[in-house]
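Asks: Given the sequences, and given the hints that come with them, work out the whole structure.
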Amino acid sequence: MTDQVTTTVPATGRSARSPRSRGGRKTVTAFLFLLPALILLGALIGYPVLYTAWRSLYDATGDGFLGLGNYVKMFTDPATFQSIRNNVVWVIVAPVTCTILGLIFAVLMNRIKWATAFKLIIFMPMAISMVAAGVIFRTAFQENPNLGAANAVIVGVHDLFDGGSEYPGARPRENAGIELKDDAIVGSGAVKPGGSQDFPLVGVKADSIPSTAETAKAAADAGGGEVTGTVWLDFVRGGGGEPGQLGDGKKGLPDVTVNAIDSSGAVVSTAKTAADGTYVLSDLKSGSYTIGLPSSNFTESFTGISWLGPGLVTGVIILAYIWIWAGFAMVMISSGLSALDPSLQEAARLDGANEWQVFRRITAPLLAPVLVVVFITLIINVLKIFDLVYVIPPGSSLPSASVIAVQMWTVSFGGGNDQGLGSALAILLLILVLPFMIINVRRFRRERDR
Amino acid sequence: MSAPGIVKPKRTLGGRIVGFFGRGVVNVVLAVVALFWLVPSIGLFISSLRDSKDIGQSGWWTVFTRPAQLTLENYAGLLGNAQFLGSFWNTIAITVPTTALVVIIGSLAGYAFAWITFPGRDWLLIVVIVLLAVPLQVSLIPIAKLFGSIGIFGSLVGVIIFHTAFGLPFAIFLLRNFFIQIPGELLEAARLDGASEFRIFTRIVLPLGGPAIASLAIFQFLWTWNDMLVALIFTNAGSQPVTVAIQSQLRQFGANVDVLSAGAFLSMIVPLIVFFAFQRYFVTALLQGSTK
Amino acid sequence: MKSRFGRRATAPLALLAVSALALTACSGGGDSGSGKLNGVTLNVAADWSGAEQKNFEQVLDKFSKDTGAKVNYTSYGSDVATTLGTKIQGGDPPDVAVIPQPGLLQDLAAKGNLIPLSDAVSETVHKNYSQDWIDLGSADGKEYGVWFKGANKSTVWYNTKVYDDAGATVPKTWDDFLKQLALISDSGTPGLSVGADVGWPLTDWFENVYLRTAGPDKYDQLSKHEIPWTDPSVIEALTVLSGLWSDSSLLQPGGAQRTFGDSVTAVFGDPPEAGTVYEGDFVAGNITSDTKAKVGEDAKFYDFPSINGSKNAVVGGGNVAVQLKDNKGAAALMEYLATPEAASIWVKLGGFTSPNKNVDTADYPDDTSRQIAEALVGAESFRFDMSDLAPSAFGGTKGSGEWQILIDFYSNPSDVQGTAQKLEDAAAAAWAK
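Heads up: the sequence lines are chains G, X and H, in that order. Quick note: the first sequence uses the numbering used here, first residue 506, plus one each step. Quick note: the second sequence uses the numbering used here, first residue 1141, plus one each step. Quick note: the third sequence uses the numbering used here, first residue 225, plus one each step.
The hints are simulated quantities; they were obtained by calculation from the structure and are not laboratory data. Fair warning: this is a prediction, and the values are worked out from it, not measured in the lab.
Straight line, CA to CA, 27 Å or less: simulated DSS-like cross-link-like pairs of lysine-lysine:
| no. | chain 1 | residue 1 | chain 2 | residue 2 |
| --- | --- | --- | --- | --- |
| 1 | H | Lys-572 | X | Lys-1193 |
| 2 | H | Lys-385 | X | Lys-1193 |
| 3 | G | Lys-578 | H | Lys-448 |
| 4 | X | Lys-1193 | H | Lys-518 |
| 5 | H | Lys-535 | H | Lys-396 |
| 6 | H | Lys-549 | H | Lys-260 |
| 7 | H | Lys-549 | X | Lys-1285 |
| 8 | G | Lys-710 | X | Lys-1193 |
| 9 | X | Lys-1285 | H | Lys-335 |
| 10 | H | Lys-278 | X | Lys-1193 |
| 11 | H | Lys-516 | G | Lys-710 |
| 12 | X | Lys-1193 | H | Lys-524 |
| 13 | H | Lys-581 | H | Lys-289 |
| 14 | G | Lys-710 | H | Lys-524 |
| 15 | G | Lys-756 | G | Lys-722 |
| 16 | H | Lys-518 | H | Lys-396 |
| 17 | H | Lys-448 | H | Lys-535 |
| 18 | G | Lys-755 | G | Lys-722 |
| 19 | G | Lys-710 | H | Lys-385 |
| 20 | G | Lys-756 | H | Lys-403 |
Residues on chain H that point at chain X, a partial pick, calculated with CB under 10 Å:
| no. | residue |
| --- | --- |
| 21 | Thr-307 |
| 22 | Gly-314 |
| 23 | Ser-513 |
| 24 | Asp-514 |
All residues carry an ideal CB built from backbone N, CA and C; glycine is no exception.
Replies: Here's what the structure looks like:
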């Protein structure tokens, strides 16, 4: 376009230059403008890329030529596929979310008085180093509800509705005629009315036992239609006493629900233990019953969700990423918005367009160049994501969360010292970027021809 | 421009939704977002005020019920450490030149890609952007060898060059896309007046690119400031930046949340100052645009 | 009010850049002191940071005072192999590096990056160290290393109050160990806390069990991969471990995701969430900095229990000093580090065990550390941590090799055969290079 103008309009007062030499001078000028960048890029990025490509054709020591051997090894390793899969999830979810959030924030921000404060709050995570950010999320989402904020909230809410059990963690004493069945503790044998069933339990913390508990006593003999027994903590300090037998000051466990279950599985009668651990189940018709202590007595307190387990950990890491990089999108788009000429939008508003139309028809298209930069940068950034994925997952979840850059690090530097294989992985990463770039060539061409 | 008078906005669905977002609703929505966004940072900040013994025991929210556990020790420990304080100067010595170089070199190249036509331009641009995908780790060994043979391995110059090079792909991409939006007529007029490309660059393009350059500066500063890997390998004891200095404060096997959090907040101060200083340029330019 | 950013800011920025570059040229410059190394500057690197760094710097300070040399210390964090490797490539390695793995020493020696011990240093080493340690510092028949720091990795730490409440006693055998853990679990607190972390604590478990079930000779063979990981001795050790790790009544739940640090705070926190934790003597450091428990009172340790009547055995670790630049100063520093005087400085500061046999054990600041040191120096069977002897791809990498396979084994302890096979495959790949 510019070339046409210079040929048709005579240069005023300056020596006329022919189009050809003008174009040639242009190339020289361009060259000068580009020189510093090209030197640095070529030496510090370009050369290492070539080095890496060459290195990927050799084995770990650098001496044995493998040709495409490393690539074959890479593609036959299930860990590589898992990482590629994870990278794909990342690419689909993270850049779009960050860009949209950034856009929404940047646009809405113009309407509030405290915009600078808001900008600062959203931007601050970018200023925190990746390692510190990783530590924040790792700590917040850890399993232990005493230490991890996420589970603390979940357990807190859960416990509002479900108070928890009397004796969390109680287990039946081994070889004492009782067993664990579907989280309930039941007698191993059937009992008829007039019989008894005792429950020596272990694993109950001393401070779970209420002060009202008394020394466990043997239950009175059952009358007709009754089953009696005792539930007690079968533990003596130092391992003394007879396992499964009363005596030695073992404490009874009060307020334990006891059920009589008939052969069809229905609960026919229920009772609660007294302060000395004894209970009486009455009104039992003849037949045989299983006596059991339902699991509600013993369920361990709810400890929350395993956020960092293999299933959810990638989600947590992506969340951390969005927390950090939405700020990037917002700042970039905000600077793009501020470069727009507001008169166009004003004109549209005066013409009767509402806010949404102004945004859709005028603002958004004008923002397109910035949005492209943000989006593509995020996609590429996400393809080579390393720090967060290396720091957040615990060792047991790392294989399921791993991405290509982590694989590359583990293989080349983390002691693996197989620079050849690591280089192949790095080249894989570059190859994955190409599709996105090719899509954009057309866009660049279109812009050039404007 | 249409005739003056009150015009009713179109009542499309989109229009109604956006109309619903009156000032009040926007304020509430953004306030909720801001709150959620702040929670992890608050958690980190409170952790920086707790002793490592408490951090290992209970979550940071317990300070609300037991404020006595708050302590300034973590900060005192870092600020009292001469090596840590010294590292701040080193970090500035690395970050400021890098940012300046990236802005200068990046805008020169960005302008060339945007407004100077030359053969192979689009493909060269693609190559530059693809370089954005090269992870740092890949360059460590070849560049260490290269610098070693030139003799700048271990010096600040080497670190600065390294960071500058890796900052260029993003800088070029961003600035090129910004400069593209400058009205071609302006540049044409200047060319007709006989101005050289360089003149056009400095007198017209750079000033108009203010917001883009400001945001580039913010992020380049930030990324260089927070880098650890390159610093660890390419500097030595005298030239360590903050990130490496914090690393040396960590106990070998602990979780080190106390040191990391205090270190993170101390380290964050400078980039945030830079952010404040430069983000004015967005707002300023907004006002300036209307009086052009 | 045009934005003159491009113009105006460049000048001051450039000025700052130039002055920054000038400043760096002025750094360095030695302290004057009387001594034979006046004006010499030495660079030392290790993976110690925080409190350990301060203590080591005191050791270096005495050297500075005695010789007049200036010694700069840098911490490489946990990625010593990478950082050191890259610095060597760049032509700027430290004069002396103190590294945590003999495997790395072998690697560097093979590549010709290390300077062998001079005669003077070698003499000092032979005077102060047992043959085991001398061998560990050698490669291909030449001596390269001075073992400055040792670690006893056969210490089992317990919460005295939890043990007391349960009436548990210190076990000497594995069967008794399991019994005591059951007793503690019955009393309401899980007996043992395991932190799988990124896998290395689990390798230490394996090595202690293996040394006791298979004996020192087989241990050596497995270390060099002369027998495969599918050998019956390995199956036996894995089965013993499986007996412990599959009994969920003995363990605090959540071990697979727990870090090592958290496993220590679980045992010594308030309230304690388990009664026992196993790892090396550095647990004492975690207890002191991350919990309110006091070592020696609330927290004590006992030796890793014997299995099937095995002898008193210790799996140990350590850090070895190697020389990377050939100059007088570096050699003098190496000789200094081999002396008991150098070791004593840190010994007295605590948190440090010296493999130097001439260090006076009375110098240790408390009974616990003395006990640890005596166990290390006096063990009948002493072997170095096997995963540190292996190529790091197998024994020292987060995310792969022995570390990752054992994490999977912890989550699935019944799969003994499968685990052994996976270990063998990984080992074969690592040793093949």
